[in-house]
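If you read the protein sequences in the order shown, they are chains L, G, F and P. Here the first sequence is numbered in our numbering, starting from 1 and rising by one per residue. Here the second sequence is numbered in our numbering, starting from 1001 and rising by one per residue. Here the third sequence is numbered in our numbering, starting from 2001 and rising by one per residue. Here the fourth sequence is numbered in our numbering, starting from 3001 and rising by one per residue.
In short, the hints are calculated from the structure, not lab data.
Think about it this way: if two alpha-carbon atoms lie no more than 25 Å apart in a straight line, the pair counts; the simulated DSS-like pairs of lysine-lysine are: (1) P:Lys3093 to L:Lys7; (2) P:Lys3066 to P:Lys3078; (3) L:Lys137 to G:Lys1186.
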Amino acid sequence: MSAATKKYLRIAFGLAVIAALIFVPMNFNRYGLFILSQWAVMTIAAMGLNLTLGYAGQVSLAQGAFVGIGAYTAAIMTTQGLPLIGALGVSIVLCFAIGWLLGYPALRVQHHYLAFVTLAFSTLAFLVFRNEDWLTKGIYGISNIPRPHLFGFATNKPLPFYYVCLGSLGIVSLAVWWLIRSPWGRAFVALRENPIRALSLGIDTRRYTLMAFAIGSALGGVAGTLYAPLTQYIDPVPFNLSLSLDLLMMVIVGGSGFYFGPFLGAMIAVLLPEWLRFTQGYYLMLYALAVILLLIYSPTGILGILDRYLTERRTKAASALREVAKPKLETAA
Amino acid sequence: MKSKIIAGLMLAALSGGAAFAQGAPIKIADVAELSGGGATVGNNWKNGIDLAVEEVNAKGGVLGRKLEVSHADSQSNPGIARAQVQKALDGEPYVLLGPGYSGSVKVTAPLAAEAEITQIMGGEAAELTQGGNKYLFRTSFGQQSSMPKVAKYINDELKAKSVAIVWVNNDFGKGGRDVITKEFAKYNIKVAADLSTEAGQADFAADVSKIKAAAPDAVFVYVNEEESARMLKELKRQGVTAPLIGETTLVGQKVVELAGDAANGARGHVGLTTDAPVDLVKAFREKFVKKYNYVPDHNGIKGYLAIYMVKAATEKMGKVDPKGVANALHGLTIKAAQEPGILMDVTFDEKGDIDRQGFLVEIVDGKQVIKQVLPKLN
Amino acid sequence: MSNLLDLLVAGLATGAIYAIVAVGFTLLWQTSQTINFAQGEFVMLPAFLMLAAMHAGVPFWLAIIFGILLSMLLLGLGFKMLLVDPMLRHGVLPLAIATMALAIGIKEAVKQFFSAEASPFPSIVPAGDISVFGRLVSLQSLGVLALAISAVVALTLLLNRTSLGHQMQAAAQNPTVARIIGVPVERMILLTFLINAFLVALASLLITPIYLAKFSSGEVLGQAAFIAAIVGGFNQVRGAIAGGLLIGVVDNLAAAYVSTQYRAAVPMLLLIVIILFRPQGLLGRPEERTV
Amino acid sequence: MSAVLEVSGIKKSFGGITAVDGVSFDVHEGEILGLIGPNGCGKSTLFNCILGQLTPSGGEVKVDGKVVTGLRPSELNKLGVSRTFQLLQVFPKLSVRENLILAGQEHQGNMASRLFGPSDAGLSGAADQMIGFFKLDHLATEQAGGLSYGQQKLLDVAMAFMGGPRLVLLDEPAGGVNLTMLGDLKERLAAINREKRATFVVIEHNMEFVMSLCTRVMVMAEGKVLAMGKPNEVRANPAVIEAYLGH
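Make a model of the complete structure from these sequences and hints.
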């Protein structure tokens, strides 16, 4: 198969998946649509974390808290009659700014301390959601969160709102794709792989680290902004540390640092338990077991399996190339 | 990969929706907190349901048809509760049971109402039945009916002028705390200390020392059973002598078991308790312990009652009509003499709230002693 | 003032519980860079193993021995061979995530095969209180504190005074060099896993009468112990004890003097402050930076 | 000739051990200064002090007459000071071309243009030129990790030149490179030096390499400068022979 055919095959496959995501759910019941919407929302949050962790190599245990900040921003603003799109803007700015500020102390010290700082932040955020009744209605939560009207269409039915989630996922995917193939994305990889070398090449690792963390956090906010109108009710409990850990699991299980990792990871985390529900009380046990076995088999996640296979092939190809290149260099010298 | 998943989802979607054929089992869907923070609540509820379904089916079912109940786990998370209720409703159940957490009820009640399916839930928050939802029913007193009784007792019998409130910071605890604080205001009772505690908290030294410093005339304790027991021990250790008042969660058998001597003297209002001096309740408790090997809390009774509510309403209609259940339940009085499974006479009002006998009890020498019977209102 | 003493004593008692759980955290981190998010569940499980044995009619003392041995087999040997060994060389994170999944699995299994109810658990320390400086303290709390301190003393003696301990330290600090000078590094690492399993089983025995045997009781414990380990210094056994006691006391003082609603916030702020000013933890050694 | 790099009195001690003890020297434009000395004599530490990787305990570094002591490595790089490391430091998961673009991108535009502008920061042409210059054609789209050691070493050195530096500090560029590749590398370095008037400081153990490439050689021993001069002079210096070449 030539490289061009392979490329077309890949594009065709991608288009088929996108078409399936658009057309197949039209026949789904409300439950199926809700689960798929949840998958789209969690994928967005996991993509943010993948940027922070997978590309820039910073461990964040606060992604769930940023989803919470986004969700509360959306819930508070839209129940006051403000448009969701405005809430989206506020969420992004807020999460970006908080992410930036949180990153500072972590930069003073070795990089795994960012994990500890974010762990603390996660707990603090939960306490604020729960205790500041005047703003968040505390433990009672905010109910009757409206779904938006977009371009004159009401999206309160499951299918239109699924398209809102899917569309948002599409936009975020494009933006992230743009980001990681821009010089920024290259700089993120550089500071994950070898910060000292990156520094010697003029890459301002501090600024890029903060940027990666802030942008990743902002995507958490985007996911939250969608989560609130999806469930139409939020309370503090879903945004505690375990959501952050779940998101971390999604990124690792999907394949940290792979563009499509979060899509697969969110699928495992959201859909696998649903498929396993037929086993009744055993479903979470089996889910945990599946995750453990997968990680033992491939600690680099699902896409790590694929990557291993591709690397093997590429190494073979490269050594073949080297054989060809060698005589040339020798004659040149 | 993705297409496989979609195919899987489609299969799942298609396998839903079976019709109500005559003679086929009546399908009831339960969504409860089977894992996560509310797992104890949810599993009690589930076990109560299973026990009742077994009994009903052993006696020939409802109108000659067996009951068939499916349980789904909400993981104590409103978002997942919503998905599971959606799934249950897509399967067109006869009745929806659960969830138990008030937040999860709030997020799912509009869905059930839209599908015109009756929802019998375990939530106790006051506001749940105040939104005009015609399809939502309680299985126990809402806090708006239990708390005034406690406040009245504190005012009339204890003549307390200042009270310390200890509550668990979840929707159950906060709900009770908010209602009783309003009631105290009516009686001009001062809240001397207002202490929030965490679910699963092990160390109550700081909370009790604050109570001690506030020196209230009485202490109102509204936390879960395990924390109640720890709280009682610490109160005893620090020598707090003010009377302790609570709800089922303070004076249940489980608390006595865990707290030992420290539980003596605790008093509380009890709506549903396995310790009630009612023969049917005692019989229920024996059956439950025999099947599950532990003494249920009030959530176990709630689940059990939910099934008998369905039975009574269906028998009243004389047919299995999912849209009619809610109507049949409104204004219905179920007498224990006719339907022993309901344990005590109960009446449902137009809002879905419950009216039933209640008790004020005190722990004396490790036993619940009924101090006062609070009669059914009508 | 007397109030403050009450709080300190109670805080130390709770802190001792966190400390004993945190010790294992630091041990596993030192020898094998394992962050065990299931540590709380590791403490929850042995009590159920003992309860199961007792339900089968085994006397309490025998159930304890059975529980400890089975824990060492499952949570020590099994954990290391089945989960840690295959994943260790792939870095800290995948293993940490796998232990998170393990935590879910253990919780669910206990709930499913045992019960979602909290069961009481017999105490080997007699119930009741004794007076310390005029305050009543439960004997159980004192038992935990005593165990925590003796565990550290024993571990410190083992590590610093015996050749086995020196070998363990060598294996932890520089496995490559240790291997060259003939230290059986693998066996030393296995030993720390067994010690951790022994400690959590012991902790389970002492803590469960207070926390009750419940599938979810590991959540609070695991998180508190993790924070205690960070505060105290991840790479020092002593640090874990100091961190645990400090978190216990700070939590109580926060509830008494700051706000009960925000009591959990104060240890977190403490954590951030410590990271800013003493990132290696209170008693930790600074980790060497490689250029 | 003006001094591109002026180092005066640089000191660095770790605890009680003084690794670099008052080293001073100048490097002029277009020069290739060789830096030799036995292992542990402080060469790499000196590099790290000059480049901001380590903060010197004393002394001053000037680039083009401007004091740069205490600047971060990335800031120094922006001023036109580039380096390679003793150990191979390419990014194995990026392709050869990507590695080179990465090495140059921070010298193009600003943060915004690097985000919203073209993915290659306009450097594809320059990268391909560099690839051609170091004879790495055919390998442009290969992952750097899949290359042979010598090829990676060439890439590593090539990366140091992507930002168009005035001054390049090379830490053992010849280490581990086989003979054929070595000649090639030396020839390429000499060519860059000629064509771009780039100034080099080279740490190297391979005497043959140093003596034939460098215009001047500085010898260090025990953290101090032992000798400085033309390759031939240094080779003939008895102190150097005693301390270093004699072994």
